[in-house]
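A.B. asks: Sequence:
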Amino acid sequence: MFVIQPEQVRAHRQQGTEMLRKQFPGAVPVMEAARDDVLAFLYFPQEHLRKIWSTNPLERLNKETIRRPNVVGIFPNDAAIVRLVGSQLLEQQEEWQLERRRALILRGHDDQDPGPRGAAGAHRW
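Once you know that position 34 of the sequence shown is 34 in the numbering used here, the rest is easy, because the numbers rise by one and skip nothing.
One thing to keep in mind: the hints can contain errors.
Have a look at the derived ranges for each label pair, beta carbon to beta carbon [to be verified]:
(1) L89 with E32: 30 to 38 angstroms
(2) V71 with Q14: 18 to 26 angstroms
(3) A40 with S87: 29 to 37 angstroms
(4) V30 with R107: 38 to 46 angstroms
Simulated from the structure, these hints should not be mistaken for lab results. Cβ atoms here follow ideal geometry from the backbone N, Cα and C, with glycine treated the same way.
Given only the sequences and the hints, what does the whole structure look like? Please build it.
C.D. replies: So, in structure tokens, the structure goes:
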């Protein structure tokens with residue numbers, strides 16, 4: 001299981017700051033100012049951390065979003081590009097939702113998933 005210990009992460013960040021203090025003293029105030037933003041992921045539930053620990057999945061999605069239109073090459077209008085990219089993003093969203101539902105079932109929470117909007121009767125794209 002993927003478990004992040006917040007105190008270890010904070011300690012590693014502090015060690016990194018101290019190492020940089022010697023070589024790049026001007027970087028330390030910038031790092032200190034950004035500390036809360038950089039460590040914001042620690043406030044999420046543990047089950048979310050595996051997905052947000054790295055930006056690699058998002059970077060992969062961005063690369064694929066650029067690659068697919070390049071493969072097609074020529075589009076008759078802007079709406080065609082929007083349909084292609086939109087369908088790709090919708091497909092990824094559905095995959096992420098399915099992973100979330102699987103995780104809920106494996107943990108024994110077989111309750112109804114409210115979806116991204118959470119409101120009854122909300123539109124699901």
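A.B. asks: Would you mind marking each hint as holding or not holding in the structure?
C.D. replies: These are the hints, each one checked on the structure:
1. In this structure the hint that L89 and E32 lie 30 to 38 angstroms apart at CB holds, the actual value being about 36 angstroms.
2. A beta carbon spacing of about 46 angstroms between V71 and Q14 contradicts the range 18 to 26 angstroms that was offered as a hint.
3. Separated by about 31 angstroms at the C-beta atoms, A40 and S87 satisfy the suggested range of 29 to 37 angstroms.
4. Between V30 and R107, the C-beta spacing of about 39 angstroms keeps the proposed range 38 to 46 angstroms intact.
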